[in-house]
Structures are given as C-alpha cells and as structure tokens.
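As they're listed, the protein sequences go chains A and B.
The first sequence begins at 1 in our numbering and counts up one residue at a time.
The second sequence begins at 1 in our numbering and counts up one residue at a time.
Honestly, I wouldn't trust all of these hints.
[What the hints assert, rightly or not] Taking lysine-lysine pairs in the DSBU-like style, the calculated list, with each CA pair at most 30 Å apart, reads: (1) B:Lys-388 with B:Lys-315; (2) A:Lys-16 with B:Lys-368; (3) B:Lys-302 with B:Lys-319; (4) B:Lys-302 with A:Lys-110; (5) B:Lys-368 with A:Lys-7; (6) B:Lys-368 with A:Lys-153; (7) A:Lys-228 with A:Lys-7; (8) A:Lys-153 with B:Lys-319.
Just so you know, these hints were derived from the structure itself, not from any lab.
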Amino acid sequence: MALLEIKNLHASVAGKEILRGIDLTVNTGEVHAIMGPNGSGKSTLAQVLAGRELYQVTDGQVLYDGKDLLNMPPEERAQEGIFMAFQYPVEIPGVSNMYFLKAALNTIRKKRGIEELDAMDFLALVKEKLGLVEMDPVFLSRPVNAGFSGGEKKRNEIFQMAVLEPRLAILDETDSGLDIDALKIVASGVNLLRTRDRAIIVVTHYQRLLNYIVPDYVHVLANGRIVKSGDKNLALELDQSGYAGLEEAVTA
Amino acid sequence: MTGIEPIRQDAARRFAELGFPTTRDEEWRFTNVSSIAKTKFTAAPADLNAEEAELLDQHLFPNEGGPRLVFINGRYLREISDWELPKGIRATPLREANGAVETHLGRYAVYQNRAFVALNTANFEDGACIEIPGGVVVEEPIQLVFFATGGDVPVISHPRNLVVVGPGSQATVVESYIGHGAKYFTNAVTEIVAGDHSVVDHYKVQEEDERSSHVATLQVQIGRDANFSTHSISLGGGLVRNDINAVLAEGTEATVNGLYLPSGSQHVDNHTMIDHARPHGTSHELYKGILSGASAAVFNGKIIVRPGAQKTDAKQTNKNLVLSEDATINTKPELQIHADDVRCTHGATIGQLDQEAIFYLQSRGIEKEQARDLLTYAFARDVIDRIKVGPLRARLEKIVLERLHANRN
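So that you can see chain B by itself, here it is in the shape it has in the complex (with noise of 0.2 Å):
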C-alpha cells in the first residue's frame, strides 16, 4: 500500500480542514453527527470473545465454497475467511494487495468535499480487494464480513473495500455489517468498479448494534452497457448514515434499491446520487421505510442528468410506512436536469397502514396484531423479494419478519 501513502497524508489534511459536518451543512441538515464529533475514540485490535464469535458465526453464510473475507474491528481475520476461488480471480485483504489498489482506490470516493470519506482514508487499516478479471462469471456471491466489538473504551473502525469487475464479467458482493457493544463506530467507503458490459449486483446488510454509529459511502463507476444493482439494508446502528454515489455510463442500467427499519430512536439517513453522466442510461431506485417507535429517516435521493445525457430514463420512488406518531421522516428528491430528450420521474408517499385492508383481514379470521404484520411485510416484500442472494432473502425475511413482531410490542 506505500503506493498510496501520498492519498492518505492528503486525505488526512483534507479531513483536518473540514472537520466533521454540522447540520448546517445542506447535505447534513437532518443528521447530526456531534455525538461522533464529541467522543474520542480508539482503533481497536482484531479479538473476539466466545459471544461474539457466536454472533458472528450467525451471519456468515452457510459456505458453499463461496469466499467470503472477514474483518474484525477494520483488521482482517485469516482463521474464519475463505477464498477459494476460480483462477485469475482474486479477493484478498487490501493490505496484501498492490496493482488495483494503486490504480483505483481513491479514484472515485473522492474525498475533498467528504469528511467521512476523507477520514477513512486517512485512517483505514484493511478492507476487501476484489478483482476480478474480463469475461469471466463468478457464481458464487463473495462475502465481506465487518465485525466490530465495542467495548468500555469506544472504538473507531474504518473498513476499506475496493471491487474492480473487469469487462463482461458478473459478480456478486455482500457486505455485511454487525457489531456488538456499547459504543463504537463504524465509517466505512467502499469503491467498485465495474467495467464495460460487466453484470455486478452488489448488497449492503448493516446490523450493527443499537447503540453505535455507522456511516458508510458506496462510490460506484460503472461502465458502458454494464447493469448493477445494489440494495441497502439498514437494520442496525443508533445513527446511520448511508451515501450511494453511482456514475452512469453510456447505455448503463443501475438499480439503486433500499429498506430502512428504525425503531427506538434509531435515525437512518440515505443519501443516494445517481450521476447519468452520458446518454441512454437507465435508473431505477426504490427506496421503502418502515418507521415506529421515536425513530427517524431522512431520504434525499439525488439525479443528476448531465448535459447531453440524452434517452436518459430515471426512476425514484421512497415510500414510508410510519407506524407510530412520534415517528418522523425527511424525504426530498433533487433532480437536476440538463438534457431535453430524458424521462425523470420521482414520487414519495408516506403513509399509514391502511384500515380498511385490516378489517378485510380480521373479517376473513385473521387477529388484528396478525393483520397488522402481514400488511407490515408486505410492504417491505417489494425490496426483499428483488434479492437475488437465497440464503441473504431468506435470512432477511425472517429478520424482518422478528422486527416487526418485535416492534409492535
């Protein structure tokens, strides 16, 4: 990584003149981060207690030969990681990488207007490097793991991924984020690229613990004809804060896909920016909440068309579900426009659960609390049934299907 030390030194400049943001800044109207801003943390060593590797053990995939990579507090953990994989492929610990991360990292997750961006790059220890060369179709999703262990000293982590799909190639990432402890944070970048016709579906499950902070940058570049797709799953965290930045190319099909579940006083922000940067791009972008207790969710999903980004065709819809009166959410779409020949379409709605639908339910037998759960998950359906990864759809239905059960309590 000495390549790149020039990038964090700059990084660490930049980040000691930004400072953390306030909520004066526009993009951080609605989330205030002084509760990180104030607390002096400190990085932590790669341990696990026998709880938490039980924890742990729960939300690694049953592995089929399928590699995941695991990190404990930012520190790679050899012992539980697997990485069989097919020839010429590589996922390894950043820290064991050269060529990619010297070309790539820092490329697109650009850090000059970006505190938290600058300050994981900076700071980072480890993260997940994938490679993936042209033409070539892994099967298997590959899975990254980022534990953290929070302990009477609040500890800082700050995970470091960088994906480079080659062209005509297909992939599938899991992040998996979850932790356990008092307090710790968790601010994560991950950079991927994905080259010309290549297929990269790309999923974000954080559950970390309640009373933690997580915030996390997706950067994505993705190249001409290619089709991505990311969901982001926000289960965890008492203050989240999720930025998904994705770089349309020339015939470029995204899908920028979310669910957001706060209970408690959880507050789960979603930043996304969809940049059709060149023409005959496709968006689509779904983003659904489930919101009850004093919980908070801001959404602000923003489409940039740039000029000469002609047959443009965009797609935002955020629909709210607010269970509870203390509940609160922000959403805003921002489109910007700058070609004549586009179709932008946007639409949120935040709601209740309707009662004339569970009186149908309890009419035909059905307990009200039942009926009430089923019109609950039938609204979170939507998201969870585009998940492609079995044993990550199964594990989220019944994830969410506890957490709404457990919610109405």
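So that you can see chain A by itself, here it is in the shape it has in the complex (with noise of 0.2 Å):
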C-alpha cells in the first residue's frame, strides 16, 4: 500500500528554488534512501515532509495515507503518524525529556483515540525504550537536548522515534558525525520499527549507515530532482565513483 505519494514536488527557501519536481512513492513495509550531494535538496525534502514553515511548496502534491499532507500543520503531520528525526535537534532548556514527551505521546494517542498514559505506565514505557537506544535514565530528567554531545542529541532522536512509534519515519542525516558504535546503536533501533505496516525514509551522505539499515530502494537527488533510482547496490557505486558524474549529467 502506498503510504506517501510525491508528485512533482517543488519548493523554494527565500525565493531559491531547492526543489524542482520529486516524484516518489513509499509503500508500506519497505526503506528508501534518499543520497545526494551537499545542496541536492534531501533536507529540505525531509522538512518539507515534516512541515517546516520556512520552506514553500511552490507546486506538486504529497499525498500521506492518501490524505492531503501539505495542508496539513506539522503537529497534525505528527499526529497522523510521520517523525522526523533531526539532522540538528533543537536544545530545548527547562523543558525535561520526560514532561515533553510524556506530552507528545499522550497528545498522538489522545488524538487517536488511545487511553493516555499515567506517569507510571508511561515510565514503564520509556524505560523499556531508552534500553533499546542504550540511554541513561538520568537523560529523562535532563532538559530535551541541551548539554548533550552530537551522539547524544542523535540517540534522543531514535529514542523519542521510538518512543512515539511513527508510521512513516524520515531520518534526517542522523548518522553524521557519529561513530561506529552510535551508528550502530541508531541502526538497530530504526531496525526495530521495520515493520510491514511502516515505512522509512533514509537521508543521508554516505553510504556507510546503509550496511546497517538496508535499504529497499536507493535515490540519488542532485539539484532539486531524483537523478536515479535503484537497489542497495545503487549506494555502493556512489560510494566507489562519488556524485560528481551525476550532478554534471543534470546540469549539462
């Protein structure tokens, strides 16, 4: 089932053209990877989807569980089952982890028709999830991001995703600037939400998060439009000749 249609997406950032026509079709069950070159448009692919403000959609439709997604505020984009995890989450000081997503997870469950959780339960909860990502409780009491280190920030973020569990994930160059055991880390708990009933969208730079999260399908973005689509194999050829051909076979 196709759980997000992209058709002709273009967008612009003061004025600048970054998108000039994505066409995509993520189906339940399966992982995309979106690769390119620095300036290629997959961050802003990945915050157009989540509802950044700063970004204007300038033409196309992105249809969500066949629902109209650009109409929808970014809250609402959440509710319905889509997370982002950040490229630069955001330090948020005198706002603990536990409050704010004790906030946003009985928010998306209220919104869905779930029973909230009490603070027990949703400790129980939270517990079991900071295992997966191989956090320290102490993080819980600790305002949402601020003071901690780039791996950190990047942990909270799986955390958080799996706290929240999304239908429709999109990692934003979640794997830069960490190293192996992180990465490690952050693979295994997006591993865990490779269900057939979700979806999920890898941005990256380089191939290397791919050994761990193998993709279904890899695109190569340069300069606002998918460039090629292919297999994992896709990933590794990029890795052996770089994107310089491509990006030149676009502009040409």
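Hints are included, so try docking the two chains, each in its own frame, into the full complex.
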C-alpha cells in the first residue's frame, strides 16, 4: 500500500528553488534511502515532509495515507504518524525530556482515540525504550537536548521515535557525526521499527549507515530532482564513484 | 512607637521638599508616577466584604503552624493573624513592638533622597516587626499579607516592615501584596537586618489589582558571612516600581532574583542596588521578564564595589522574553567598581520565542499553542524553581501557567 506519494514537488526557500519536481512513492514495509551531494535538496525534502514553514511549496502534491499532507500543520502530521529525526536536534532548556515526551505521546494517543498514559505506565514504557538506544535514565530528567553531545542528541531522536512509534519515519542525516558504536545503536533502533505496516526514509550523504539499515530502494537526488533510482547496490556504486558524474549529467 | 516620632516628622518635612519624582530624575526616567502624584488618596479602614475575604483566603498558605500577620489597608487585622512562635521570637504588628523599632527603624531605608520612602516613613500606620534572637532556626516561613481594598474613593496604604534576624539564626519571610478594587496605591517599605552568619530567605509576591499602583522598597543590611536571598515576583499592579537595596559585609553571599510578567498595559520597574561594601562578598542576580500586550518593563541593576572590597564576585543577568510587538523593555546594568581584584559580570538579553524550538515540539505532535506555553513557562522556571517554600512555589507554578495561557488569547 502506498503510504506516501510525492508528485512533482517543488519547494523554495527565500525565493530560491530547491526542490524542482520530486516524484517518489513509498509503500508500507519499505525502506528508501535518499542520497545526494550537499545542496541537492535532501534535507529540504525531509523538512518539507515534516511541515517546516521556512520552505514554501510552489507546486506539486504529497499524499500521506491518501490524505493531503501539505495542508496539515506539523503537529497534525506527527499525530498522523510522521516522525522526522532532525539533522540538528534543537536544545530546549527548561523543558525536561520526560515532560516533553509524555506531552507528545499523550497528545498523539488522544488524537488517535487511545487512552492517555499515566505517569507510572509512561515511565515503564520509556525505561524499556531507553534500553534500545542504550541511554541512561538520567537523560529523562535533563532538559531536552541541552548540553547533550552530538551523538547523544541523535540517540535521543531515535529514542523519541521508539516511544512515539511512527508509521513513517524520516531520518535526516542521522548518521552525520556519529562514531561507529553510536551508528550501530541508532541503526538497531531504526531496524526495530521495520515492520510491514511502516515505512522509513533514510536521508544520508554517505553509504556507511546503509550497511546497518539496508534499504529496499536508493534514490539519488541532485539539483532538486531524483536523477537515479536503484537498489542497495546503487549506494555502493556511489561510494566508489562519488556524486560528481551525476551532478554534471544533470546540469549539462 | 513614640520614640520614632521625630524621624516621622523629619520624613514628612523631607517629602514636602522632595515631592514626587518625575521622569527628569535619572532613577525614574522610564517610570512616570504623575498619576499617583495627581490623585488625592485617603486612608481606609481595615474592613473586608465577603468577596474580598474569600480572595484573601486564597492567598494564605495552608497554615501548618507557620506564623502569619495580615494587614488590611495597612492596618493590622488580629482575627486572621496567627503567631505561634518558638520562645524568644517575636512577630508582632509594628505598633505593638518597641525595642527593635527604636533601634533599627529608618536606620537603613534612608529617605533623604527617596521620596516614596520618606512618604512611607512619615505616614505608615502599621506593618510587621519580626525579631529573631541569635542562634535560632525558624523552620516555618513567616507570612506577611497586605491586602488593599480600593473603592470609589482612591485609597492609600503605607505598609512598613522591620525584620531583625540575630547572629547565626535562620528564617524565611514571605511578603504577599494583594488587593481588589478600582483605585488604590500601596507604598511599602521593608527593612531587613540579617545578622552575622545568619541565613535569611525573603520572598515578595505582588498580586495587586491591575488598576492599582504599587511602589515598594526593600532595604537589606546583611552581616558578615551571612547568606541572604530575595525573590521578587511581580504579577499584578498597573504601575509597579520595586526598589531593592542590599548592602553586603565581608564574606556575605547575596542572591537577588526576580520575575515579572506584565501584560495588557501594566508597567513594571525593577531597580536593584547591590552594594559590595566589604571584601569577599558574592552576589548573584537573575531577573527574568515575560512581556505581552502593550506592557512595559524596566530593569536597572546597579552593582557597587566599594574601595577595598577586594575578591568581590558579582554576577548579574537580566533576560526578557517579549511576546508581542507592542511591549517595551528598558534594561540597564550599572556597574561602579572601585576595587581592582574583583570579578563582575553582567548580561542582558531581549528575545522572542525560538521558532526552531516551536517547530521541534510541533513535529512531535504537540499543538503550536501548547508548544508556545511550554517554552514560555520553561523561560520562567529558572526563577520559580529556586523558590524554596513549597506551597509558594506550587502556587506560583499554577498562577504563571494560567497567566501565560490567558495572555496568549
């Protein structure tokens, strides 16, 4: 079943066109990797899907579960089951991880007509999920991302994802800046979400992460368009030859 | 109080000379008190109607043996006051006190160049006098409640408090200012003498009616190696001016924190003066403001390091969150440093809510308005979390959340 259908998507920031006609269909049960050089529009695509207002969609359509995604505010997208792991998670001093995540989970549960979790049940849930990303429970009482190292921030994103259990997870360069141990932890957290009724989009610059999260499809983005699609071997090819040839082919 | 009659007469004389300050006075540049100067106020009796009594009741801490003194329109109300205190400690209305009043009253809060202090000294009806001898720990917070009832006729009161904490003693004092009614003016002065090695925590919560004016001076004389803290929370009042002056001795540690949340057309002015008179003093100052509507706030933080006050460590921070385009803030640090081996830092910020943080919260399913509230409250928490009196902290948490919720609509 098609969970996400992107049709001729154009988007710009501050008048500059970044996405120039993206077409992509993601079915449940699939993992898609989106690769490409810096400035190709990978992160813009992720942000547009999450609903960042900074980007203006100038043309095209995105259907999520058959619904018009682009008309939904960001919180509604999350409530509908979309989760984006940020490339640069935001620090929020004064708001504890625990409070934040409980508010998020219960808002989502409420919207879905599921009973909200009380403090005890919530704590039991998060303790279990913390184990998946090998995070210390003291993180719960610390302010969201404040004073976290880069790796801790990324793990926190995967931890949140594990708690919120999205239907469509979008990982925006979650691998950047991670050492190999952290990378494996992040990948195993993501792999646990791989089920038949969910889908994952992995945005990455490097092939390395795809050794651990093996994609069903790989798409290469250059200058705001998908210029090549293939299976996991495409990622390996890119690792060998780089993006240079692809970019030239498009601009020519 | 007969012993202080000459001081009162002198203060009256001095006020007649000074008159009310104008915006031409540097200390009052951003706060115009002409509305106070122009109004003919009268004193009012200590009467409460049923509605007011209920409002007052909401502001009293659940009394678990903690002493409290209640004043209505500046006059003592014995019926709802309670002062069960350990032996030797006295918490009495000023009118019934003697020794300490004559020794201390007016000695610290000088009125020669301060019109409102002169006005208070000349006219106060009553207030609290708390005397704690040396070497005593008073565990329960002592609550002082000042309730004003404005009516058809503008009403004035001049609460006057004196707190004397002996050497090595420990005490907590909470001043609450509340009120109800169209037009009234509260002009309060509190003097605190914290003895050597004492630990004194002071809180002032100002929840006056938004149609009223509130001017208050807190004057603190802190002893050697003593630890003093004050938290000033400004929620109510239409025109508000708080002056805090703290004089430190050798090895003193002082914390001067504040939170102000003006909305609508409220005007809140906080002037603080931390006087490092002796060496090895430490002061921490954190004032935070959240402004909405067409409100205005002023922060003026003066730090003086006197000659010879070496090894002074002073830190001042003022942070403002401005939620509307019509709100204005004037913030000014004023450092006067006359010693060379000191550390003094200051910083002021004025900002809006972080859009990236709002989006981050939204992207996790939290509604935009809730995200804004969450971030705004997170901003205020710094100050609220430092309040050590449990019932007070809980009440303020609730009030601040409610206020933020109301302000966004």
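Can you confirm whether the C-alpha distance between B:Lys-368 and A:Lys-7 stays at or below 30 Å? Cα-Cα ~28 Å, so holds.
Hinted pair A:Lys-16 and B:Lys-368, Cα distance within 30 Å: holds (27 Å)
Distance restraint between A:Lys-228 and A:Lys-7, which requires alpha-carbon spacing of 30 Å or less: holds (16 Å)
Holds or violated: B:Lys-368 and A:Lys-153, Cα atoms, limit 30 Å. holds (23 Å)
Run the distance test for A:Lys-153 versus B:Lys-319: straight-line Cα separation, threshold 30 Å. Answer holds: A:Lys-153 to B:Lys-319 is near 26 Å, not above 30 Å.
Assess, step by step, whether the Cα of B:Lys-302 is no farther than 30 Å from the Cα of B:Lys-319, and give holds or violated. holds (16 Å)
Between B:Lys-302 and A:Lys-110, is the straight-line Cα distance small enough, at 30 Å or below? At roughly 50 Å apart (the allowed maximum being 30 Å), A:Lys-110 and B:Lys-302 break the hint.
Restraint status (C-alpha distance of B:Lys-388 to B:Lys-315 at most 30 Å): holds (21 Å)
Hint compliance for this structure: hint 4 alone is broken.
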